[in-house]
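Read top to bottom, the protein sequences are chains B and F.
For the first sequence, position 121 matches number 121 in the working numbering, and the numbering has no gaps at all.
For the second sequence, position 272 matches number 272 in the working numbering, and the numbering has no gaps at all.
Rather than coming from a laboratory, the hints here were simulated on the basis of the structure.
Any given hint might turn out to be false.
[What the hints assert, rightly or not] Examples of chain B residues lying across from chain F (beta carbon under 10 Å, computed):
| # | residue |
| --- | --- |
| 1 | Phe14 |
| 2 | Leu50 |
| 3 | Gly67 |
| 4 | Pro69 |
| 5 | Ala79 |
| 6 | Arg86 |
| 7 | Pro89 |
| 8 | Arg98 |
[To be verified] Think about it this way: if two alpha-carbon atoms lie no more than 27 Å apart in a straight line, the pair counts; the simulated DSSO-like pairs of lysine-lysine are:
| # | chain 1 | residue 1 | chain 2 | residue 2 |
| --- | --- | --- | --- | --- |
| 9 | F | Lys159 | B | Lys90 |
| 10 | F | Lys159 | B | Lys125 |
| 11 | B | Lys112 | B | Lys125 |
| 12 | F | Lys159 | B | Lys112 |
Even for Gly, the Cβ is constructed at its ideal location relative to N, Cα and C.
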Amino acid sequence: MLSLQGVSAGYGSFRALFNVSLEVGGGEAVGVIGPNGAGKTTLMRVISGLVLPFSGSMVMEGESLTGVPAYRIIERGIAHVPENRRLFPKLTIEDNLRMGAFIPEARRQFAKQLEWVYELFPRLKERRTQFAGTLSGGEQQMCAIGRALMSRPKLLLMDEPSAGLAPLIVQQVFDLVRRIRAEGLTVLIVEQNVQQVLEIVDRAYLLEIGKIKFSGTSVSLKNNEMIRKAYMGL
Amino acid sequence: MDLYLLEAMVNGLLLGGVLALLALGLNLVFGVIDVVWIAYAELVMCGMYTVYWLHVYYGWPIEFACITAVAIVAILGFLVHLLIIEPILGAAPINQLLATGGLLFFLQSFATLLFGTDFRNIGIRLPVIEIANLYISYARLMAFGVALAGAIALYLFLKNTYLGTAIRAISQDREIMGLMGVNERRIYLVTSAIGGALAGLSACLLALQYDVHPFIGNTFGPITFMICVLGGLGNMIGGFVAAFIMSQIIAIGGYYTSTEFAYVLAFTFFIVLMLVRPRGILSA
Numbered sequence: 001m002l003s004l005q006g007v008s009a010g011y012g013s014f015r016a017l018f019n020v021s022l023e024v025g026g027g028e029a030v031g032v033i034g035p036n037g038a039g040k041t042t043l044m045r046v047i048s049g050l051v052l053p054f055s056g057s058m059v060m061e062g063e064s065l066t067g068v069p070a071y072r073i074i075e076r077g078i079a080h081v082p083e084n085r086r087l088f089p090k091l092t093i094e095d096n097l098r099m100g101a102f103i104p105e106a107r108r109q110f111a112k113q114l115e116w117v118y119e120l121f122p123r124l125k126e127r128r129t130q131f132a133g134t135l136s137g138g139e140q141q142m143c144a145i146g147r148a149l150m151s152r153p154k155l156l157l158m159d160e161p162s163a164g165l166a167p168l169i170v171q172q173v174f175d176l177v178r179r180i181r182a183e184g185l186t187v188l189i190v191e192q193n194v195q196q197v198l199e200i201v202d203r204a205y206l207l208e209i210g211k212i213k214f215s216g217t218s219v220s221l222k223n224n225e226m227i228r229k230a231y232m233g234l
Numbered sequence: 001m002d003l004y005l006l007e008a009m010v011n012g013l014l015l016g017g018v019l020a021l022l023a024l025g026l027n028l029v030f031g032v033i034d035v036v037w038i039a040y041a042e043l044v045m046c047g048m049y050t051v052y053w054l055h056v057y058y059g060w061p062i063e064f065a066c067i068t069a070v071a072i073v074a075i076l077g078f079l080v081h082l083l084i085i086e087p088i089l090g091a092a093p094i095n096q097l098l099a100t101g102g103l104l105f106f107l108q109s110f111a112t113l114l115f116g117t118d119f120r121n122i123g124i125r126l127p128v129i130e131i132a133n134l135y136i137s138y139a140r141l142m143a144f145g146v147a148l149a150g151a152i153a154l155y156l157f158l159k160n161t162y163l164g165t166a167i168r169a170i171s172q173d174r175e176i177m178g179l180m181g182v183n184e185r186r187i188y189l190v191t192s193a194i195g196g197a198l199a200g201l202s203a204c205l206l207a208l209q210y211d212v213h214p215f216i217g218n219t220f221g222p223i224t225f226m227i228c229v230l231g232g233l234g235n236m237i238g239g240f241v242a243a244f245i246m247s248q249i250i251a252i253g254g255y256y257t258s259t260e261f262a263y264v265l266a267f268t269f270f271i272v273l274m275l276v277r278p279r280g281i282l283s284a
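Please model the complete structure; the sequences and the hints are all you need to start from.
This is how it looks when you write it as structure tokens:
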């Protein structure tokens, strides 16, 4: 579905990604793990068009994404749940979800999609007229995921969905990723919570200082001695 | 209560409607784009000249002249963003202030060059009507009604459409708008055109009550800025409330003293309130 070939990117003269190649197949859940500052967030931002790559190519379902601005990339079926959720704090939950359905194709299905999102997150429905800024961390994450789902994406990019959440809520968020997958969505998820993310993805890439160091099935990563030591504390 | 005082207060209320409409446009542009259009009242002046020329010179019916004026000032607003603001969007705010300040002098001088400094009147005399012993100018009553209708239309647009929701959202997180499928540039251009349209609508209402001349903007510009700051820059509801507070101070102050002194009172009130609530009357 999504294929990156030799992507390098960064900010100004600073390089965050070196020659990164990555594949995500339709229906798969793929993880990207790695330490702080490895370039995981930059990778997500390059795919969704917030950061333009210096070089390399990106292809989504046979069509090039290279140089396409963010507001057009979402029309290709890629929705991005950004790091730190980034809700509009002074809009109601329902207005936040409405923003998620801004693209014309999504507007036509707004009512149906809203019903589905409220079914996934009954909590959001209860609070739909509340400002998003008044929600708890877990509810905000639900709202951010719901907002991304409103655009009817094929591929969902999730950047650190568990960050800053209580362990019990983290569990709920990961359960939710399973449910979203069951609905037929493809997921690319960036996480520092290595042990738990490997439970929900099929494959994962290890990103260190901007380079892919290792890739394989989640089973092979879980059994890799180096990863167990460095990232799972085992 | 004194009947004349009541009449002054009713007139103040009616004036407040037009001031509120003026403040709404300026606040919208500031709230969305984070730019202060110093030349806002000069866009109003352009609209007033448009009404004047179309109606008096070309003999258009006043309704068509007004609709055209709204459209023309909307286009002017669009061009202000495209030609002046966009190239310096990332620059320090002072540069944007200076650039639109430059536009103010440009428009004033250009109007002087084209039309001279004559005071021109569109020559429509609307009657004064009597309601329960109060004498009220029909032009003011109509201006109030249209201004209120304009404000309500804007509110419904911002509240109920996708574009309106994006306009409310953009100042809360600009970077993330792309992920929603929103082209930031398009939002700025649409907002500027709406800001222009509001200036154009105000121009039509003011043309019914005031003569147009190249410096008419000086009459409304300072008070409009004062209202916006008093309500909290970018806060549309605050600006709306502030417009009516200011217009009442001017009306009641004018009744007890003189029109000139009423402005002294209004500005004094403004200065004192800025010391007490520097971020606007509605700030928490």
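Practice task
Quick one: which hint numbers does this structure break? Sort them smallest to largest.
Solution key: Of the numbered hints given earlier, those the structure breaks are 1 and 3, listed in rising order.
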